[in-house]
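Here the protein sequences line up with chains P and G, keeping their order.
According to my numbering, the first sequence is numbered sequentially starting from 1.
According to my numbering, the second sequence is numbered sequentially starting from 1.
Treat the hints with caution; some may be incorrect.
Because identical chains cannot be distinguished in the list, a pair is counted as satisfied if it fits within a single copy or across any two copies.
[Claimed, not checked] No farther apart than 30 Å at their CA atoms in a straight line, the calculated lysine-lysine pairs in the BS3-like style are these:
1) LYS382 with LYS128
2) LYS256 with LYS149
3) LYS99 with LYS378
4) LYS128 with LYS384
5) LYS308 with LYS290
6) LYS69 with LYS128
7) LYS146 with LYS256
8) LYS146 with LYS129
9) LYS108 with LYS371
10) LYS59 with LYS135
11) LYS384 with LYS99
12) LYS394 with LYS384
13) LYS99 with LYS371
14) LYS129 with LYS384
15) LYS331 with LYS280
16) LYS394 with LYS59
17) LYS290 with LYS69
18) LYS135 with LYS394
19) LYS18 with LYS342
20) LYS15 with LYS384
21) LYS90 with LYS69
22) LYS263 with LYS308
23) LYS342 with LYS378
24) LYS146 with LYS135
25) LYS135 with LYS275
26) LYS387 with LYS108
27) LYS275 with LYS380
28) LYS263 with LYS146
29) LYS374 with LYS146
Derived from the structure by calculation, the hints contain no laboratory data.
Just so we're clear, the structure is a prediction, and the values are computed from it rather than from any experiment.
These are the residues of each chain, in order.
Number of protein chains: 2
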Amino acid sequence: MQRVLNIETIKYINKNVKVCGWVNSRRDHGGIVFLDLRDRSGILQIVVTPTAELAKDIKNEYVLEIEGKIQKRPIKMFNPELETGEIELKAENINILAKAETLPFDLKDLNVSLPVLLDYRPITLRNKKIQAIFKIEEEAINSFRKTMKDLGFAEFQAPTIVPVATEGGAEVFHIDYFNGDAYLAQSPQLYKQILVGVFERIFTITRAYRAEPSVTTRHLTEYISLDAEMGFINSWQDLMDFCETVIRNIFLDLGKSCQKELKLFSATLPKLGEKIPRLKMKEAQEIIFKRTQRDNRESPDLEPEDEKEIYEFAKEKYGSELIFISHYPTKKRPFYTFPDPKDPEYTLSFDLLCRGLEIVTGGQRINDYEKLVKNIKKRKMKIKDFKFYLQAFKYGMPPEGGFCLGAERIVKQILDLENVREASLFPRDMARIDQRLSVSKKRNPRRKTSSLSGNKLKK
Amino acid sequence: MQRVLNIETIKYINKNVKVCGWVNSRRDHGGIVFLDLRDRSGILQIVVTPTAELAKDIKNEYVLEIEGKIQKRPIKMFNPELETGEIELKAENINILAKAETLPFDLKDLNVSLPVLLDYRPITLRNKKIQAIFKIEEEAINSFRKTMKDLGFAEFQAPTIVPVATEGGAEVFHIDYFNGDAYLAQSPQLYKQILVGVFERIFTITRAYRAEPSVTTRHLTEYISLDAEMGFINSWQDLMDFCETVIRNIFLDLGKSCQKELKLFSATLPKLGEKIPRLKMKEAQEIIFKRTQRDNRESPDLEPEDEKEIYEFAKEKYGSELIFISHYPTKKRPFYTFPDPKDPEYTLSFDLLCRGLEIVTGGQRINDYEKLVKNIKKRKMKIKDFKFYLQAFKYGMPPEGGFCLGAERIVKQILDLENVREASLFPRDMARIDQRLSVSKKRNPRRKTSSLSGNKLKK
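Here chain P stands alone, though its shape is the one from the complex (with noise of 0.2 Å):
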């Protein structure tokens, strides 16, 4: 007998059918035993009854096919909350495919710390809540392609393995790259824009990595860019145009495709207003020390706390849980940035914040050959290292830029998480890949694996 998914069983009343999944939960009643079978698609009550021997031995976890009858249930036994909550499968065979060890926890009704939840991780996915993080970031991301192609932009698949650290700056990871250097790219920035001189119109859907060396509620070590780049712009306000469109499509999907998993976290979508606002940093500034006092008007950058203030007044004046900042300092952004004409010491670069978090940067690049070579020189960067990225300036490039979007800090502010690990199916830190790690200062015991790497023999 072909199976069917949970879901279906409904178009097949009083019909006999097969069924997979495992055991949610497991309700004795006097002799009657009720599972809770769960699939991809959902949950279904299945009933054992007369005698109970049919699920004797059998655990929440347990893998299970079942055959047997589906049936209306008795009326006050409806359950509104399931799509099957009108019918029950009668089982008449049970068969276990796959045995489960008791859980340490109660898998439905999780209450774990985070670092318990990220140790069990495997199991800890299989809760609904869970779940539904994850339904969301794939719908999120499904959005930014779609907007993307929709506006004629190809996408291609980036290369991560980099010869220089991109973005410069420490929070490189070093590869050992047989005989050489290697490192992990920080973004797929200098790539996406060496496109730009091919295809004009160019996304893609990678990792990008930032040996960050503090554990904060809103870094990973591995983290989803979303990152678009665009050639032939009018002005740098394009950008925010199109990012803009991004996102507004980002959460209109959401709207459509996820209001089960939204309900789940009692979210609402971030409001946009007509249009999200535009402010530059420096006035920002002003309009955060105006209303708090505090004066952070000579800082280079926006802090987290100034960033909050800021969603505050956005969402206050312009209905808006976003907004955009502009003219970042030219020496805090990286060496590819377009400098404002009328304030060099300022870029034509921008941040766009959600509910007082960062979730998009991006801004207009430098397109001019010359220009790049002289401040590759004035950072003290090689020109030979970047001699493979120049030819694309070299050789014709149009007035272009781009933005990226970090798509776990996109779903941790929709749903209001604590923590981006929870937006992350496995997140990655100073102290955690998969397990925990040893954060002591000798080298880590696991080391010793690394035998199975022959490029260690080489060192």
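Please build the complex by placing chain G on the supplied structure of chain P, with the hints as guidance.
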């Protein structure tokens, strides 16, 4: 005036438009200049007349913004090769957006060696035929995604920093991870298996890494892996059925969307026949021995020459350019591979060969916790390294399996490219990350750039 794409100008005959793009070529004919302007949609002929003054300094790859009137060409000047071949734009104003240096080769009729092609990747990618390779790759990946979604698979973003060498063996890159060690994922294998326990059917489009210490025409150190995994299979044969659907759809979709691109390579899509034939490795070796008298019957794998021979056999006997080879020896496959119950020396695993090259590998996995533990121990690996992964099996995993496709290899085989590097935008190998690497015994001179990395200081 709003910019119009080249391809759209056919709707603007006798109207004024603005177009943007790169100079693909320049031809001077007695005072008249013809420019072929290339944008992301195609080529448009620009005519500069009565005086060529406007085009005075313009060279190949200059980036231009041109205003002028779209006019019908004289009939004898029609160019059937171009979608805009019956029209041209009479330039009234030309604005140089960016200049370009003189190219080191003719970009239109590119005739350079592979190393030079890759040294100049940022500009050789601008060649029409080379762009076609990546249009095909993008469409093949789209097709994979679409088939997976249609079959009820959820998409996930796989982590690439991993704590242990997933597949064992020496071909793994080591990362300096703060004060410990990490590795680049050889595949998303363990994660997709974990997620079968969550979503049943799961796929990812990700990067996989192999520290391949030799330079061949088939290997990259970083490649695009199209990975799928599914639970509740009835038999390992289900996996080949799903895989065949995926491949058939890729060829169907490319047939629909990439005829122009395939034609540039005079490529025909591989024939599958009614059904892709399936042979055990031992059977294939017997057939090869009979056909060639070459005796590799004791070999634990098919040699490259064997793969080519069995392709010839499949084409002759079944009219199929693809063939599944199954039952590779247990000791040659990873620890999680399901042994054939009838002959445990061999596994329920398979490769799919396309025109004599492996493009897919897959198989059923062991879903029993105790058996996995035993296998890990038997292979002298450490249980604690797999503790996280093993949770998925300890708490109930259905019978499952999966497969992965190498995107670059599929494209290589479709277009009959000599080298898989041609099918990678930015191919990485032992001797190249964008620029050529020094492969001398002493550390690479670029080593010095590691001063950018804070991590190095901790060594």
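Here's how the hints hold up against the structure:
1. Taking identical chains as interchangeable, the C-alpha atoms of LYS382 and LYS128 are never at most 30 Å apart, the minima being 51 Å within one chain and 32 Å between chains.
2. With identical chains, the CA atoms of LYS256 and LYS149 are at most 30 Å apart both within one copy (19 Å) and between copies (18 Å).
3. In this assembly of identical chains, LYS99 and LYS378 lie within 30 Å of each other by CA distance solely across copies; the values are 23 Å between and 64 Å within a copy.
4. In this assembly of identical chains, LYS128 and LYS384 lie within 30 Å of each other by CA distance solely across copies; the values are 28 Å between and 52 Å within a copy.
5. In this assembly of identical chains, LYS308 and LYS290 lie within 30 Å of each other by CA distance solely inside one copy; the values are 15 Å within and 75 Å between copies.
6. In this assembly of identical chains, the alpha carbons of LYS69 and LYS128 lie at most 30 Å apart only when taken from the same copy (26 Å versus 60 Å across copies).
7. Within a single copy, LYS146 and LYS256 get their C-alpha atoms as close as 14 Å, and across copies as close as 20 Å, so both meet the 30 Å cut-off.
8. Taking identical chains as interchangeable, the C-alpha atoms of LYS146 and LYS129 lie at most 30 Å apart whether they share a chain (26 Å) or sit on different chains (26 Å).
9. Only between protomers do LYS108 and LYS371 lie at most 30 Å apart by alpha-carbon distance; the minimum there is 28 Å, versus 59 Å within a single protomer.
10. Taking CA atoms no more than 30 Å apart as the test, LYS59 paired with LYS135 passes inside one copy only; the shortest distance there is 27 Å, against 51 Å between copies.
11. For a Cα distance limit of 30 Å, the shortest separation of LYS384 from LYS99 across copies, 22 Å, qualifies, whereas the shortest one inside one copy, 59 Å, does not.
12. With identical chains, the CA atoms of LYS394 and LYS384 are at most 30 Å apart within one copy only, with a shortest distance of 14 Å there and 52 Å across copies.
13. In this assembly of identical chains, LYS99 and LYS371 lie within 30 Å of each other by CA distance solely across copies; the values are 13 Å between and 65 Å within a copy.
14. In this assembly of identical chains, the alpha carbons of LYS129 and LYS384 lie at most 30 Å apart only when taken from different copies (29 Å versus 50 Å within one copy).
15. When the C-alpha separation of LYS331 and LYS280 is checked against a cutoff of 30 Å, the pair qualifies only within one copy, where the shortest distance is 16 Å, while the shortest distance between copies is 63 Å.
16. For a Cα distance limit of 30 Å, the shortest separation of LYS394 from LYS59 across copies, 13 Å, qualifies, whereas the shortest one inside one copy, 67 Å, does not.
17. Within a single copy, LYS290 and LYS69 get their C-alpha atoms no closer than 69 Å, and across copies no closer than 55 Å, so neither meets the 30 Å cut-off.
18. Taking the shortest Cα distances, LYS135 and LYS394 sit within 30 Å of each other only across copies (25 Å), while inside one copy they are farther apart (44 Å).
19. Taking the shortest Cα distances, LYS18 and LYS342 sit within 30 Å of each other only across copies (28 Å), while inside one copy they are farther apart (71 Å).
20. Proximity of LYS15 to LYS384 under the C-alpha cut-off of 30 Å is found in neither arrangement, the shortest distances being 72 Å within a copy and 47 Å between copies.
21. For a Cα distance limit of 30 Å, the shortest separation of LYS90 from LYS69 inside one copy, 5 Å, qualifies, whereas the shortest one across copies, 75 Å, does not.
22. In the homo-oligomer, the alpha carbons of LYS263 and LYS308 lie at most 30 Å apart inside one protomer (25 Å), although the nearest pairing across protomers, at 56 Å, exceeds that limit.
23. Proximity of LYS342 to LYS378 under the C-alpha cut-off of 30 Å is restricted to the intra-copy arrangement: shortest distance 21 Å within a copy versus 69 Å between copies.
24. Taking the shortest Cα distances, LYS146 and LYS135 sit within 30 Å of each other both inside one copy (16 Å) and across copies (17 Å).
25. For the identical chains of this complex, LYS135 and LYS275 are intra-copy neighbours only, at 28 Å inside a copy versus 35 Å across copies, given an alpha-carbon limit of 30 Å.
26. Within a single copy, LYS387 and LYS108 get their C-alpha atoms only as close as 55 Å, which misses the 30 Å cut-off; across copies the closest is 23 Å, which meets it.
27. In this homomeric assembly, LYS275 and LYS380 never come within 30 Å of each other (Cα to Cα): the closest approach is 40 Å inside a single copy and 60 Å across copies.
28. When the C-alpha separation of LYS263 and LYS146 is checked against a cutoff of 30 Å, the pair qualifies both within a copy, at 24 Å, and between copies, at 28 Å.
29. When the C-alpha separation of LYS374 and LYS146 is checked against a cutoff of 30 Å, the pair qualifies neither within a copy, at 38 Å, nor between copies, at 46 Å.
Checked against the numbered hints above, the structure violates hints 1, 17, 20, 27 and 29; every other hint is satisfied.
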